[in-house]
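One letter stands for each residue in the lines below.
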Amino acid sequence: MAPLKRILLVEDNDRDIELTLAALEENNLANEVVIARDGAEALDYLHSRGKFTGHANGLPVVVLLDLKMPKVDGLEVLRQMRDEAPLKHVPVVMITSSREEQDLVKSYQLGVNAYVVKPVDFQQFAKSIKEIGFFWAIVNEPPPGVLKRRS
Amino acid sequence: MKTSVEKKVVLGFVISTCALLGMGWLSYHTATGLVATEYQFTYAYKVIATLESGRALLTDAETAQRAYLLTGDPRFLADCTNAQAEVSGWIDRLRKYTAGEPEQQRQLARLEPLVAQRLALLNDRIRLRQQKGLEAAANAVATRQGKDLMDQIEKCISEMHVAENKVAFARQKEVFDNAFLTRIAIWGGTTLACGLGLLAVVFIHRDLNRRRRAEEILQQNEERFRLMIGNVRDYAIFMLDPSGHVMTWNEGAQRIKGYTADEIVGKHFSKFYPAEAVQAGLAEKILTEATATGRYEQEGWRVRKDGSRFWADVVITAIRDPRGRLMGFVKVTRDLTERRQSEETLRQSEERYRTLFDSIDEGFCIIQVIFDDRQKPVDYRFLEINPSFEKQTGLRDALGRTMRELAPQHEAYWFEIYGHIASTGEPRRFQNRAEQLGRTYDVYAFRLGAPEKRQVAILFNDITRSKEAEEQITRLNADLQRHAGQLETTNKELEAFSYSVSHDLRAPLRHIDGFVKLLDKQANGHLDDRGRRYLDIIADSAKRMGALIDDLLVFSRMGRSEMRRSLVDSRALVDEVISSLQEEMRDRRINWKIGPLPAAEADAAMLRQVWANLIGNAVKYTRPRDPAEIEIGCHPGAAENVFFIRDNGVGFDMQYAHKLFGVFQRLHRAEEFEGTGIGLANVQRVIHRHGGTVRAESELDKGATFYFSLPQTDTDITTKGNHGTPETHPAG
Numbered sequence: 001m002a003p004l005k006r007i008l009l010v011e012d013n014d015r016d017i018e019l020t021l022a023a024l025e026e027n028n029l030a031n032e033v034v035i036a037r038d039g040a041e042a043l044d045y046l047h048s049r050g051k052f053t054g055h056a057n058g059l060p061v062v063v064l065l066d067l068k069m070p071k072v073d074g075l076e077v078l079r080q081m082r083d084e085a086p087l088k089h090v091p092v093v094m095i096t097s098s099r100e101e102q103d104l105v106k107s108y109q110l111g112v113n114a115y116v117v118k119p120v121d122f123q124q125f126a127k128s129i130k131e132i133g134f135f136w137a138i139v140n141e142p143p144p145g146v147l148k149r150r151s
Numbered sequence: 152m153k154t155s156v157e158k159k160v161v162l163g164f165v166i167s168t169c170a171l172l173g174m175g176w177l178s179y180h181t182a183t184g185l186v187a188t189e190y191q192f193t194y195a196y197k198v199i200a201t202l203e204s205g206r207a208l209l210t211d212a213e214t215a216q217r218a219y220l221l222t223g224d225p226r227f228l229a230d231c232t233n234a235q236a237e238v239s240g241w242i243d244r245l246r247k248y249t250a251g252e253p254e255q256q257r258q259l260a261r262l263e264p265l266v267a268q269r270l271a272l273l274n275d276r277i278r279l280r281q282q283k284g285l286e287a288a289a290n291a292v293a294t295r296q297g298k299d300l301m302d303q304i305e306k307c308i309s310e311m312h313v314a315e316n317k318v319a320f321a322r323q324k325e326v327f328d329n330a331f332l333t334r335i336a337i338w339g340g341t342t343l344a345c346g347l348g349l350l351a352v353v354f355i356h357r358d359l360n361r362r363r364r365a366e367e368i369l370q371q372n373e374e375r376f377r378l379m380i381g382n383v384r385d386y387a388i389f390m391l392d393p394s395g396h397v398m399t400w401n402e403g404a405q406r407i408k409g410y411t412a413d414e415i416v417g418k419h420f421s422k423f424y425p426a427e428a429v430q431a432g433l434a435e436k437i438l439t440e441a442t443a444t445g446r447y448e449q450e451g452w453r454v455r456k457d458g459s460r461f462w463a464d465v466v467i468t469a470i471r472d473p474r475g476r477l478m479g480f481v482k483v484t485r486d487l488t489e490r491r492q493s494e495e496t497l498r499q500s501e502e503r504y505r506t507l508f509d510s511i512d513e514g515f516c517i518i519q520v521i522f523d524d525r526q527k528p529v530d531y532r533f534l535e536i537n538p539s540f541e542k543q544t545g546l547r548d549a550l551g552r553t554m555r556e557l558a559p560q561h562e563a564y565w566f567e568i569y570g571h572i573a574s575t576g577e578p579r580r581f582q583n584r585a586e587q588l589g590r591t592y593d594v595y596a597f598r599l600g601a602p603e604k605r606q607v608a609i610l611f612n613d614i615t616r617s618k619e620a621e622e623q624i625t626r627l628n629a630d631l632q633r634h635a636g637q638l639e640t641t642n643k644e645l646e647a648f649s650y651s652v653s654h655d656l657r658a659p660l661r662h663i664d665g666f667v668k669l670l671d672k673q674a675n676g677h678l679d680d681r682g683r684r685y686l687d688i689i690a691d692s693a694k695r696m697g698a699l700i701d702d703l704l705v706f707s708r709m710g711r712s713e714m715r716r717s718l719v720d721s722r723a724l725v726d727e728v729i730s731s732l733q734e735e736m737r738d739r740r741i742n743w744k745i746g747p748l749p750a751a752e753a754d755a756a757m758l759r760q761v762w763a764n765l766i767g768n769a770v771k772y773t774r775p776r777d778p779a780e781i782e783i784g785c786h787p788g789a790a791e792n793v794f795f796i797r798d799n800g801v802g803f804d805m806q807y808a809h810k811l812f813g814v815f816q817r818l819h820r821a822e823e824f825e826g827t828g829i830g831l832a833n834v835q836r837v838i839h840r841h842g843g844t845v846r847a848e849s850e851l852d853k854g855a856t857f858y859f860s861l862p863q864t865d866t867d868i869t870t871k872g873n874h875g876t877p878e879t880h881p882a883g
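Respectively, the protein sequence lines represent chains Z and V. If you're matching positions, the first sequence starts at 1 in my numbering and goes up one per residue. If you're matching positions, the second sequence starts at 152 in my numbering and goes up one per residue.
Calculated from the structure, these hints are not laboratory results. As the structure is a prediction and not an experimental result, all values here were calculated from the model. Honestly, I wouldn't trust all of these hints.
Derived lysine to any residue pairs resembling SDA-like cross-links, with alpha carbons at most 20 Å apart [to be verified]:
| id | chain 1 | residue 1 | chain 2 | residue 2 |
| --- | --- | --- | --- | --- |
| 1 | V | 672 | Z | 30 |
| 2 | V | 422 | V | 455 |
| 3 | Z | 127 | V | 593 |
Chain V is faced by these chain Z residues, among others (derived, beta-carbon under 10 Å) [as the list claims (entries may be wrong)]:
| id | residue |
| --- | --- |
| 4 | 13 |
| 5 | 18 |
| 6 | 68 |
| 7 | 70 |
| 8 | 83 |
| 9 | 84 |
| 10 | 86 |
| 11 | 99 |
| 12 | 105 |
| 13 | 122 |
| 14 | 123 |
| 15 | 125 |
Here a beta-carbon is modelled for each residue, glycine too, at the ideal position from N, C-alpha and C.
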């Protein structure tokens, strides 16, 4: 049985996934990442439905959510998560290219836990991702019911 | 009536006097007649006596003759001669006495020759006796000739006697008759005189009574009249003597003029006139005119006792006695000040409305609606129009004519509306088209006066142009809305574009940079210097591209986003910007000189962008200077505050100044000074949006000064700080 993944990365762009994983590798967190390619898939995963039916995934310690995605976008995923009891307290970090104010405002209105703009500079990007991973997966004490860090 | 009574009385007196006179005359006449008659009566007897005496004289003469004849005694002859002499006197007397009696005169004429014959006969016998003696004489006597003569004489005298007796009787009867008439006349006259006298007394008494009553009434009337005049309060009514001195005074006079009767009676009436009128001799003029024409009326200013003036209507009437002698004047004065004021007010108000009527640009008219037999309004007539009427309608000489005459095709609804207003009195405001006049009107109409007059006042305005303009505005508005819609669409597209740019355009750059770094890592020293340089260039280009995109997004946002103005503490903003530039200022020596900065009413975020750009530039372009000098200050003004930032940096060539604020315009190569060429374009855009201006002054290598102005606001808060004292920021 594959070890349970504690980080849900929702990202439609392959290259971003690769860069994100490359960054997380430096924290040895790459293995704990499960990837959803769009919002719908992320929700299916979180609800153990669709192609994840029957999987006992458990709740991630953090969801790294891209904003702009096909089908269901990041804001919609966030909205649905905040409407449902078990998902309500799962930390969500927006990781996006958008610096638009409206996106920021909407995200915070929906109860996002953090909002990170992806820098063009890879080194900065990698640094940000590493820090996010480090903070949420290692430093932060997640709410009850979420997957604990393997000791 | 009085005169008629007097006439009657006089007439009565005249009549009674005449009666008395007549009676007197009658008495006198009767008495005289009586005396005359009596005299004639007596006279008749005197005639008779004379007749008889004649008979005796003749007998005496005959007797004496006989005696002579017989005796021849001369004494008898003397007696006979005397008797004969007396007989001739007797005839004369008789003639005299019966002068007025023709019958007797005729008898006398018969008698006289008889007597003369008898006497002649006597004297013949005497002579016979004397000459022939007694015998002859006696024979002669015996012839009886004397006797016959004597008988004839006797007869004549007797006849005369009888006739004279008749006269006496007639005279006596006349006297009696006259005496009777006289008695009747005296009685009648006395009765008439007494009657008339009585009548006169009655008349006089009655007249006296009447006069007394009339006098009483007159007195009462006079008293009433005096009270009435005295108590009249609204009019000053008083009398002046012929020279103009006040004789009487009433309540109204006291009220209007302020003088009491004691104060004014006896004074000259010129006291009531203003000094200038007195000097102009108005008072005298008035009296002269009133005297000449009997009446003088005038309106003018008069003076009260307290010196205040009032507007009076004065009527002066000359009073004359029945003989036309001037007794004085009655002066009636009324205080018309209030009326004059209200008249003045009315006049002014009328004038105002007339002016309004004549000068308003709107057309105004008063019409009379004409109804047909079935009370349907079919036409209207213009009773009054104002000067603008023609301009507003194009109708000439409309006054007095009807609308149908002027515009036969005028729409029925106009008549209906005005007919409705005239019938119901409901005012109406409406807009309507008059096709024949080729105009559209905005109309306000209301009924004027009594309903039966069917008059409507109309205030109207030709709104054809404004209507067209309105339509045009509506069209333009629709266009504008369409354009606004398009603009909004464009804006949304632009937003979507920006969003897409910020999100999608940056992703590939990140990937380029990311994979360059990964490639470098992967190569792990296998790349030579050139290869590494290429990788650096690729990464740098990507970063630069990213910076450009970021700046462009900011620029776009500056233009689009809504401004949120507030009072911004300029000094705090500047300090904040300077401290955010610590990184850039590391290892630099910069002398900051910050003057007093007034607060600015602006969008804080945008103004921050402005200061960030300008201060950033100053820091950047003074990089070659050690120490760099940067001065920030403000020239406050009434209308606007001009902020400036001066540096001693590299400056620029003024001939390129116009390019300074353009997008992506740079005056320096990127190798010299990094930058995207967006910053100053942003500054300009923000300042323009705040209603201000930007400009720059510089000389190559001698530094540059950038100015921007912000319109002054009511509040003038000067940022507290080290005013005017140059201040040096720690340069890292």
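Each hint, compared with the structure:
Proximity of residue 672/V to residue 30/Z is assessed by CA-CA distance (about 18 Å); at most 20 Å being required, the pair is judged to hold. Between residue 422/V and residue 455/V the CA atoms are separated by roughly 9 Å; this keeps the pair inside 20 Å, and the hint holds. The straight-line distance between the Cα atoms of residue 127/Z and residue 593/V is roughly 76 Å, outside the 20 Å bound, and the hint therefore fails. At about 6 Å, the closest approach between the beta carbon of residue 13/Z and any beta carbon in chain V falls short of 10 Å, and the interface hint on this residue holds.
Given hint, residue 18/Z at the interface with chain V, holds; its Cβ is 8 Å from that chain's nearest Cβ, closer than 10 Å. The interface hint given for residue 68/Z is met, as the beta carbon of that residue sits about 5 Å from the closest beta carbon of chain V, less than 10 Å. Hint on residue 70/Z is violated. Least Cβ distance to chain V is approximately 12 Å, over the 10 Å limit. At a threshold of 10 Å, the smallest CB-CB gap from residue 83/Z to chain V is about 25 Å, leaving the interface hint violated.
Using the Cβ-Cβ criterion of 10 Å, the hint placing residue 84/Z at the interface with chain V is not satisfied: the shortest such distance is roughly 27 Å. A least Cβ separation of about 31 Å between residue 86/Z and chain V goes past the 10 Å threshold, and the interface hint is therefore violated. Proximity of residue 99/Z to chain V holds as hinted, the smallest CB-CB distance being about 6 Å (cut-off 10 Å). The closest approach between the C-beta of residue 105/Z and any C-beta of chain V is roughly 13 Å, which is over the 10 Å cut-off, so the hint fails.
For residue 122/Z, the suggested interface contact is upheld, since its CB lies about 4 Å from the closest CB of chain V, less than 10 Å. Here the hint on residue 123/Z is kept, as its CB sits about 6 Å from the closest CB of chain V, short of 10 Å. Taking 10 Å as the C-beta cut-off, the interface hint given for residue 125/Z holds, the closest approach to chain V being about 6 Å.
Of the hints listed earlier, those the structure fails to meet are numbers 3, 7, 8, 9, 10 and 12, in rising order.
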